[in-house]
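Asker: These are the residues of each chain, in order.
There are 2 protein chains.
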Amino acid sequence: MNIYDVAKLAGVSIATVSRVVNDSPRVSEKTKRRVLAIIEESDYTPNVFARGLGLDSMKTIGIMCPDISDEYMAHAVSHLEHRLRAYEYDCILYCSGYEQKNKEKSVNLLLAKRIDALVLVGSIYAGDGDDESETEYIRNAAKQIPVFMINGKIPGDNIYCGYCDDKQVTYEVTTELIRTGRKRILFLSDSYSYSANQKLEGYEEALRDAAYPVLGDLKLYTKNDIHYVRDMLLARKDLDFDSVVATDDGLAVGALKYAAARKITVPQDMCVVGYNDSALSVSCEPELTSVDNQVEKICNNIVDDMIKILQGSEDFEKEHSVPGKIIKRCTTDF
Amino acid sequence: MNIYDVAKLAGVSIATVSRVVNDSPRVSEKTKRRVLAIIEESDYTPNVFARGLGLDSMKTIGIMCPDISDEYMAHAVSHLEHRLRAYEYDCILYCSGYEQKNKEKSVNLLLAKRIDALVLVGSIYAGDGDDESETEYIRNAAKQIPVFMINGKIPGDNIYCGYCDDKQVTYEVTTELIRTGRKRILFLSDSYSYSANQKLEGYEEALRDAAYPVLGDLKLYTKNDIHYVRDMLLARKDLDFDSVVATDDGLAVGALKYAAARKITVPQDMCVVGYNDSALSVSCEPELTSVDNQVEKICNNIVDDMIKILQGSEDFEKEHSVPGKIIKRCTTDF
DNA sequence: ATGAAAGCGCTAACAT
DNA sequence: ATGTTAGCGCTTTCAT
Numbered sequence: 001m002n003i004y005d006v007a008k009l010a011g012v013s014i015a016t017v018s019r020v021v022n023d024s025p026r027v028s029e030k031t032k033r034r035v036l037a038i039i040e041e042s043d044y045t046p047n048v049f050a051r052g053l054g055l056d057s058m059k060t061i062g063i064m065c066p067d068i069s070d071e072y073m074a075h076a077v078s079h080l081e082h083r084l085r086a087y088e089y090d091c092i093l094y095c096s097g098y099e100q101k102n103k104e105k106s107v108n109l110l111l112a113k114r115i116d117a118l119v120l121v122g123s124i125y126a127g128d129g130d131d132e133s134e135t136e137y138i139r140n141a142a143k144q145i146p147v148f149m150i151n152g153k154i155p156g157d158n159i160y161c162g163y164c165d166d167k168q169v170t171y172e173v174t175t176e177l178i179r180t181g182r183k184r185i186l187f188l189s190d191s192y193s194y195s196a197n198q199k200l201e202g203y204e205e206a207l208r209d210a211a212y213p214v215l216g217d218l219k220l221y222t223k224n225d226i227h228y229v230r231d232m233l234l235a236r237k238d239l240d241f242d243s244v245v246a247t248d249d250g251l252a253v254g255a256l257k258y259a260a261a262r263k264i265t266v267p268q269d270m271c272v273v274g275y276n277d278s279a280l281s282v283s284c285e286p287e288l289t290s291v292d293n294q295v296e297k298i299c300n301n302i303v304d305d306m307i308k309i310l311q312g313s314e315d316f317e318k319e320h321s322v323p324g325k326i327i328k329r330c331t332t333d334f
Numbered sequence: 001m002n003i004y005d006v007a008k009l010a011g012v013s014i015a016t017v018s019r020v021v022n023d024s025p026r027v028s029e030k031t032k033r034r035v036l037a038i039i040e041e042s043d044y045t046p047n048v049f050a051r052g053l054g055l056d057s058m059k060t061i062g063i064m065c066p067d068i069s070d071e072y073m074a075h076a077v078s079h080l081e082h083r084l085r086a087y088e089y090d091c092i093l094y095c096s097g098y099e100q101k102n103k104e105k106s107v108n109l110l111l112a113k114r115i116d117a118l119v120l121v122g123s124i125y126a127g128d129g130d131d132e133s134e135t136e137y138i139r140n141a142a143k144q145i146p147v148f149m150i151n152g153k154i155p156g157d158n159i160y161c162g163y164c165d166d167k168q169v170t171y172e173v174t175t176e177l178i179r180t181g182r183k184r185i186l187f188l189s190d191s192y193s194y195s196a197n198q199k200l201e202g203y204e205e206a207l208r209d210a211a212y213p214v215l216g217d218l219k220l221y222t223k224n225d226i227h228y229v230r231d232m233l234l235a236r237k238d239l240d241f242d243s244v245v246a247t248d249d250g251l252a253v254g255a256l257k258y259a260a261a262r263k264i265t266v267p268q269d270m271c272v273v274g275y276n277d278s279a280l281s282v283s284c285e286p287e288l289t290s291v292d293n294q295v296e297k298i299c300n301n302i303v304d305d306m307i308k309i310l311q312g313s314e315d316f317e318k319e320h321s322v323p324g325k326i327i328k329r330c331t332t333d334f
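Chains as they are written, first to last, in the UniProt record's numbering: chain D, 1 to 334; chain Z, 1 to 334.
By construction, these hints were calculated from the structure, which means they are not laboratory data. Treat each hint with caution, since some may be false.
Treat identical chains as interchangeable: a pair holds within one or across any two.
What the hints assert, rightly or not - Straight-line C-alpha distance at most 20 Å; calculated EDC-like pairs for lysine to aspartate or glutamate:
#1 101 x 88
#2 183 x 319
#3 113 x 56
#4 328 x 157
#5 8 x 296
Produce the complete structure using the sequences and hints provided.
Answerer: Structural data, given as structure tokens:
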């Protein structure tokens, strides 16, 4: 059943059917009703490929993330999908993995699909900020279609960014820890991404502002695996710390497991703060104080702006920064 | 840059370019090389819409799940996406929510996209097995394209199912609990889905086989929220149980929190078994014995068969059942 | 081995 | 208000 069949059945031309389907005002109420009736009873659906060919768009947004089974990214994708659906856009999902080569390849495959815009979820795509060539492929993509970053920031034409102010909130967290008497705060991270670097900056600035030394020993990079972190900490007998600022809840829970193994009481003898306010944070014992980085808000902002940009409007922000929110639970005494 | 431009530059017809692009053997090695060179240096990519229009396929699979922020579904989608990518299929993702109406609407929107096949993730789509009309929209979809269920089973032409043998493994878990002396086993669930019903059957059969009574009191349906479950259990002072079989880790962790609040020692005075072997199960304390329902295996099986079906091969299974695996941790004494 | 041309189903410019 | 028709860029059949 195509537009010709419908036209024939309704006794009109295909142009009229097309007008009806696209809700053009240049059709009389009467014919419109007749055509609509035929469409209804014949179960006609316009061929999206033909339409795409003509308009050079299928109203599809490419969403790329390193790993959809990561809770944070899954949440981001969930919000993006919902918001985009409200605007009648579809999402095609690419999980690129974490390797540079695959990230580049995925972007190219996605571009070949003639998507209307590209969303990159995860600060991993922003690189570590040092090496420009690392993000070259993103700037190239932006030459063809608008590119949006969730939780990442890279400069460039046609690139729009939304992120949590990780530096500020990590500064606040660290400062609270200092205020409540912590002397040796361990910074625990699992990556050198843009966002991890922001968190580190906030941590260091808080230390400096409190006239604390910034010690290399107290900055640890490890694998985001609860047991791995616990065992690693257990093995590092030289390490002396009375609190932990982690860039992810998984790392924080690992620290909690370490405390349990060493019979260290939390929060009295050790404070822990996680990041992302994930399901882990209420599953562990004691329940974890964590930072909510407002991914829903970021995603909604980005989608709303994307639609405006795709419609050619000028009324949007090139960047959105939202403040993080400290969710106080039981692993801190503030 | 389109096929005409490439043809002109290479001094051949568009048919030849098309043959080269599609790796047809009916092109001389020499022209092939020349055309390939032009394609390379001009960055030509075939227009997927035009190709889709001609072939009536864009090599795209529709993946639908109620909620991608659910860990289980996120994992399923992750595995599906990876496997499909290996076969050069793209995924378009729809999150339908849990309401019947939206599920039906989402399927129809997806069908209108002229996807090559549809994957339904989550036993929620299989209904509760009682009401046929609830799954009518799926059988209708199957009239147009093959439909695949991850963790669900509904009969019908062109519908293919992959699932974990939830009944069997729940039977085993319950039997172990009985063997280790548990008398009053609470069955905790959050839905009446196909899979939840299978688990219930396994639970009941185990009780019957052990000549235990099957008590209505001990079958509880609640919300999948850790604190909610804890508080609900705390409020039900009448309830007497010495172990819990939960259909999801979140529920199980809720039971654990209840035990902690009541100072009940786990596993000595109360055993708990979760389901899905999620990140929660190693985050909580003590760590949770859980059932791994082998979602990766199910997804891979389904995708492999899907490809065969799309290629017209007959060498596939209409159904895949994989056994669940009990991951023993610290909340049981078996 | 290669080319010419029909056809896929739609949108939109133009004609009436 | 409605119809006619030219693309959109590809695949494929049929000639050569």
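Asker: Against the earlier hints, flag every one the structure doesn't satisfy and list their numbers going up.
Answerer: 2, 4, 5
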